[in-house]
Amino acid sequence: MLEKLSGRVFLFCALLSVISLLLIVGFVFYKGSHPFVAEGYSFLDFIFGMDWVPSEDKFGIFPMIVASLFATMGALILGVPVGLFTAIFLAEIAPKRVAKIISPAVQLLAGIPSVLYGVFGLAIIVPFLQNNLGLVKGQSLLAVILVLAIMMLPTIVTVAETAIRAVPKMYREGSLALGASPIGTIFKVVVPAAKSGIMAAIVLGLGRAIGETMAVILVAGNSLILPTSLTDSVRPLTTNIALEMGYAFGTHQEMLFATGIVLFSFILLLNFVLAKIGSKGGK
Amino acid sequence: MRKFKDHLLRGCLWASAFLTVAVLIIIVGYIFYKGFRLIDFNFIFGDYSPVGHGGIWPMIVTTLYTIFISLIIATPIGILAAVYLQEYAKQGRLVRLIRYATESLTGIPSIIYGLFGAVFFVTTLKFGMSIIAASLTLTIIVLPVIIRTTEEALKTVPQSYREGSLALGTTKLQTLYKVILPSAMPGILSGIILSIGRIVGESAAIFLTAGTVAAMPDGIFSSARTLTVHSFLVTQESGDIELAAAVGIVLIVIILILNFLATFISKRLNKADY
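Those protein sequences? They're chains L and B, same order as listed.
Residue 283, in our numbering, is where the first sequence stops; the numbers in between run on with no holes.
Residue 1274, in our numbering, is where the second sequence stops; the numbers in between run on with no holes.
Incorrect hints may have been included.
Okay, derived cross-link-like pairs now, DSS-like style, lysine-lysine, Cα gap no bigger than 27 Å in a straight line [said to hold, decoys possible]:
#: 1; chain 1: L; residue 1: Lys-195; chain 2: B; residue 2: Lys-1267
#: 2; chain 1: L; residue 1: Lys-100; chain 2: B; residue 2: Lys-1267
#: 3; chain 1: B; residue 1: Lys-1267; chain 2: L; residue 2: Lys-188
#: 4; chain 1: B; residue 1: Lys-1090; chain 2: L; residue 2: Lys-276
#: 5; chain 1: B; residue 1: Lys-1155; chain 2: B; residue 2: Lys-1090
#: 6; chain 1: L; residue 1: Lys-169; chain 2: B; residue 2: Lys-1090
#: 7; chain 1: B; residue 1: Lys-1155; chain 2: B; residue 2: Lys-1267
#: 8; chain 1: L; residue 1: Lys-4; chain 2: B; residue 2: Lys-1005
#: 9; chain 1: B; residue 1: Lys-1267; chain 2: L; residue 2: Lys-96
#: 10; chain 1: B; residue 1: Lys-1003; chain 2: L; residue 2: Lys-195
#: 11; chain 1: L; residue 1: Lys-169; chain 2: B; residue 2: Lys-1155
#: 12; chain 1: L; residue 1: Lys-188; chain 2: B; residue 2: Lys-1005
To be clear about the criterion: a stretch of chain B counts as covered by chain L if any three or more of its residues have a C-beta under 8 Å from a C-beta of chain L, and this derived list gives those stretches [unchecked claim]:
#: 13; segment: 1138 to 1146
#: 14; segment: 1170 to 1181
Partial list, derived from the structure: chain L residues whose beta carbon lies under 10 Å from chain B [stated by the list, open to error]:
#: 15; residue: Leu-2
#: 16; residue: Ser-17
#: 17; residue: Lys-31
#: 18; residue: Gly-40
#: 19; residue: Phe-43
#: 20; residue: Leu-44
#: 21; residue: Ile-47
#: 22; residue: Phe-48
#: 23; residue: Met-50
#: 24; residue: Trp-52
#: 25; residue: Ile-150
#: 26; residue: Pro-154
#: 27; residue: Val-167
#: 28; residue: Ser-223
#: 29; residue: Thr-228
Honestly, the hints are just simulated from the structure, not real lab data.
The beta-carbon is built from N, C-alpha and C at its ideal position, and this holds for glycine as well.
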């Protein structure tokens, strides 16, 4: 009797994560789709609209979508090479003593609350850009890119390192026995063999970058213009939600949930890509 | 030519690793340099006041509240869920669904959790902006962490333990409580430590669910701000980098202690294994 009951309880606990996911998706999509389903707003105008003026009933998030995509891509371009090379270094050529310093450093970098990256960005990166690029305001797309690139480093390093370490020793030995140099072996044999794990690392880093909010608010400048250069002040999707959720109500609030849906869609797309990579790696 | 290329690549590898460490040292160094002057007994244990830099005791208490409430809910649920997945379930569609849901939860950005918490716990369940609303949101955030680490820990418990115990005539439940869970304890503990780190570092979800009231909370139903939210708000509102950095020092020290504990436990775990 007790045995049977406990099995049920365990099952229920396990199902709670399914229930939570359904609730989250359900509530965000229900709230966010309401203006388009029931209030006659056009979804296309929402996605491709250039103006976001809640007081005048204008809800267009195209500049924010562009800002989010540019910021994430930029962070990727800077963060992936550095993170990947650090991972290769740790897994393949680092002397033990050096690795013993770097690994905890990466672990700490991963644990630092994201807000502090924003504080650092505002105190150091923003003034640096302002002074050296002659900007009126240092809070810019470039500042966001730099902060996000730093934040995605630990994710990329740890996941990619695990993937590279998982490559069987035989591969390396075979390559070396054929006369390839150690570095040639790493880049021509080991890295290609760890490709799916490395892709997963990049996608996870991407997820962290596109979802980051509080650090970005501090360095983005939050202007509502369509970014045309790295020095423009931007407002990514996440920032829009956090900045206005405090006082928004009615349609305005629902539009923030709709912004959340767009963000969610990007994440779902990433998860899908990740799952594809995972199943490929399994083969 | 090949030699040159090899040297160049090797140089890039060293340079990247060096850059990663340099970034960490600069960030942590800057925060300590900027904030350490403010750290004293009154700053840590004093009440908050809007004049000057104010104490941060209310924020520490709020942070402890959120850790305590979220873990007290998430830990048993997470452990039992992992037990179901590892010890009870027949592998099949249901288990795959649960795994998929758990993985998806990990990937959702915290601002989305914040949106959900704001509409579900704050508005629908009428908790208002409060510590309890934030803690329940955090519960969902750390649940996948606890499930995953507990599952990993359960996997390392040798099959012979289960068989030995069952052969002695115990029931499945007795084996679970007396044999399996105790030997999976170190792994479960490191999952809890990871979760504490996640809760301490979380900001966006808490910002939307607990609000920003800078005072000692009256209880779990009052609005309050955690350390991270405090650090964020003083930076955004008054540009008080010194204060933000001082709060940052407290946060980094907490993270360092948690990292140390996690390493310590996993070392003990490995020793026990071999």
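Structure-based check of each hint:
Proximity of Lys-195(L) to Lys-1267(B) is assessed by CA-CA distance (about 30 Å); at most 27 Å being required, the pair is judged violated. Under the criterion of a C-alpha separation no larger than 27 Å, the hint pairing Lys-100(L) with Lys-1267(B) is consistent with the structure, at around 15 Å. At roughly 35 Å between alpha-carbon atoms, Lys-1267(B) and Lys-188(L) are farther apart than 27 Å, so this suggested pair is violated. For the hint pairing Lys-1090(B) with Lys-276(L), the CA-to-CA distance comes to about 25 Å; that is within 27 Å, so the pair holds.
About 15 Å separates the Cα atoms of Lys-1155(B) and Lys-1090(B), which keeps this hinted pair within 27 Å; it holds. Under the criterion of a C-alpha separation no larger than 27 Å, the hint pairing Lys-169(L) with Lys-1090(B) is inconsistent with the structure, at around 35 Å. A distance of roughly 17 Å separates the Cα atoms of Lys-1155(B) and Lys-1267(B); the hinted pair therefore holds under the 27 Å criterion. The suggested pairing of Lys-4(L) with Lys-1005(B) is violated, with an alpha-carbon distance near 65 Å, which exceeds 27 Å.
Only pairs whose Cα atoms come within 27 Å are accepted, and Lys-1267(B) paired with Lys-96(L) is accepted, the gap being roughly 18 Å. At most 27 Å may separate the alpha-carbon atoms for a hinted pair to count; Lys-1003(B) and Lys-195(L) meet this at roughly 25 Å. Pair hint Lys-169(L) plus Lys-1155(B) holds up; C-alpha atoms about 25 Å apart against a cutoff of 27 Å. A hinted pair counts as satisfied when its Cα atoms are at most 27 Å apart, and Lys-188(L) with Lys-1005(B) qualifies at roughly 13 Å.
With 3 residues bearing a CB less than 8 Å from a CB of chain L, the segment 1138 to 1146 of chain B meets the requirement of three and the coverage assertion stands. Note: the segment 1170 to 1181 of chain B has 3 residues with beta-carbon separation from chain L under 8 Å; the three-residue rule is met and the coverage holds. Residue-level restraint check for Leu-2(L) holds (minimum Cβ-Cβ distance to chain B is 7 Å; threshold 10 Å). For Ser-17(L), the suggested interface contact is upheld, since its CB lies about 5 Å from the closest CB of chain B, less than 10 Å.
Interface restraint check: Lys-31(L) against chain B, minimum CB-CB distance 6 Å, threshold 10 Å, status holds. Violation of the interface hint for Gly-40(L) is found here, the shortest Cβ-Cβ separation to chain B being roughly 22 Å, above the 10 Å cut-off. Violation of the interface hint for Phe-43(L) is found here, the shortest Cβ-Cβ separation to chain B being roughly 18 Å, above the 10 Å cut-off. At about 23 Å, the closest approach between the beta carbon of Leu-44(L) and any beta carbon in chain B exceeds 10 Å, and the interface hint on this residue is violated.
Below 10 Å, beta-carbon pairs count as interface contacts, and Ile-47(L) has none with chain B, the closest being about 18 Å; its hint is therefore violated. A least Cβ separation of about 23 Å between Phe-48(L) and chain B goes past the 10 Å threshold, and the interface hint is therefore violated. This hint is violated: Met-50(L) has a C-beta 23 Å from the nearest C-beta of chain B, more than the 10 Å allowed. Of the supplied interface hints, the one on Trp-52(L) is violated, with its beta-carbon coming no nearer than about 17 Å to a beta-carbon of chain B, more than 10 Å.
Hint status for Ile-150(L): holds, given a least beta-carbon distance of 6 Å to chain B, under 10 Å. Given hint, Pro-154(L) at the interface with chain B, holds; its Cβ is 8 Å from that chain's nearest Cβ, closer than 10 Å. Of the supplied interface hints, the one on Val-167(L) is violated, with its beta-carbon coming no nearer than about 16 Å to a beta-carbon of chain B, more than 10 Å. Because the closest C-beta pair between Ser-223(L) and chain B is about 16 Å apart, greater than 10 Å, the hint is violated.
With a cut of 10 Å, the hint placing Thr-228(L) at the interface with chain B is violated, because the nearest CB-to-CB distance is about 26 Å.
The earlier numbered hints that this structure contradicts are 1, 3, 6, 8, 18, 19, 20, 21, 22, 23, 24, 27, 28, 29.
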